[in-house]
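S.K.: Each chain, written out:
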Amino acid sequence: MAIRLEKTFLPLDADHLHRVKGQLGVYELADNDGQTLYIGFAGGRSPFGLRGELDGQLERRGPGLRFRAEVNMQYTSRYRELLMAYVSDHGELPPDNQQDPTLHKLGRL
Amino acid sequence: MDLDPTDEQRQVIEQVRRFVREEILPLEANLDPDADELGPEDHERLTAKTREMGLYGMDIPEEYGGAGIDIVTRTLLAIEMSQHRAGLYAPCYGVFGGAGLAQLYEATEDQKERYLHPVLRGEKRGFFGLTEPSGGSDPARAIRTTATREGNGWRLNGEKTFISGADRADFGLLFARTDASKGRGGITCFIVDTDMEGFKVRRIVHTLRSAHYATELELNNIFVPDANVLGEVNAGFSMASTRLTQNRIPYAAGCIGVAICSQKMAIEYARQRETFGAPLATRQSIQWMIVDNEIDIRTSRWITLEAAHKAASGAPFRTEAAFAKLLASEASSRVVDNAIQIHGGYGVTKDLPLERWYREMRIRRIGEGPSEVQRLIAARDLLGGSFH
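Chains as they are written, first to last, in my numbering: chain D, 1 to 109; chain A, 1001 to 1388.
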């Protein structure tokens, strides 16, 4: 398994979200230029898993964004790994993760 | 041997039990089922409470500001502190404070100043780096990381794996071979700063334990000065070995706490759930599971407390610690498994903590020395040294 998500980004819209399953896992949101804005996960308390989380993102943020997702039962450690890889590449967290107080003890890769 | 808690121990047990019930369980209702950390505000608030209770730093010696708790009381409290969803690997989410790294209490004054005291003040974090890709159960032979003499220090080269917390640490205790001809007598412990050139966290190792991951390290020509040799050169193995033996007792106790919780849940569910017109509790197959669970819990508790009493008395306790770790991890695995069976489909959902305990308990039979190694240790002591 690659450390970074390498799938192609898909449009964050109802058509594409329809194909996302309700499993647990991690996802990445990006703008239309492919710049990552946010890394998130669908955990055990997500009522509809990845699909529910991404539906919620579409509802809150509106159209015009892209996403890619990975089904993964180890969603917590995978989520942290993706963030750590992002920080290693960019020197800081993705813009929309920066205010998350739970990430104060993120490790380094 | 009287294994009943003293009145004083009962009071502390009750205090911690109430803390878990009133402070930890309500928070868990809103955390992700695989979470192993609290938000900073809750962590700070609860740490202040454990300080008020006089129980913060229970693994830290009293002369360093710890709670001054003996190993028997510590074992009894470990049984209580693990009785929640994250309890097996994150008892009370760490708000009772960690031990730091026990080996640092044997450090020189200069090393204590640079590493131990900052750890105790919460300013620095350390990790313990023993296991390598070539093996973890037999570190005396498996360690291939080398340290070669150079000027007033050592050059370290090699790899480590299954190392907890290295990605967040400021330094680590790394074990390396300093004399290839001496087996276990040729291993030295080094204090390595994670910002030293050549230190790299290569990747996260994902396991059944979703939240608390391990890491893989690359040690590429790191120069470590003599001032960072911990203990004597070539005496690192005994330092690691002592730590592993001592850890086995609270490690076993944590398993028992989870088993107790699973059993409580199983009994409650068996009493209320009806099948074919009668509660599950009336079915002999369920009754036997409950009884087997209780026997597993009580024998594990007895053997683990016996090990703690032996350790407290100052007598050798290696065999007893091995029995405790072996029995508690295997017996508690059976208890959790039975509890899931009694709960049926609900048992494997993330709505209940059982599925998390099931995954994490599986690791307990491998971590801190697998069951087979515990049997080996006990066999050596029972049969004598020439039979291994």
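Keep in mind that the hints are not guaranteed to be accurate.
What the hints assert, rightly or not - Cut-off 27 Å, straight-line C-alpha distance, at most; resulting in silico cross-link-like pairs (DSS-like, lysine-lysine):
id : chain 1 : residue 1 : chain 2 : residue 2
1  : A       : K1049     : D       : K105
2  : D       : K105      : A       : K1200
3  : D       : K21       : A       : K1350
4  : D       : K105      : A       : K1112
5  : A       : K1200     : A       : K1112
Rather than coming from a laboratory, the hints here were simulated on the basis of the structure.
S.K.: It remains to establish, for every hint, whether it holds in the given structure.
M.R.: Checked hints:
no.	hint	in the structure
1	K1049(A) to K105(D)	holds, 22 Å
2	K105(D) to K1200(A)	holds, 18 Å
3	K21(D) to K1350(A)	holds, 17 Å
4	K105(D) to K1112(A)	holds, 24 Å
5	K1200(A) to K1112(A)	holds, 24 Å
The structure meets every hint from the earlier list without exception.
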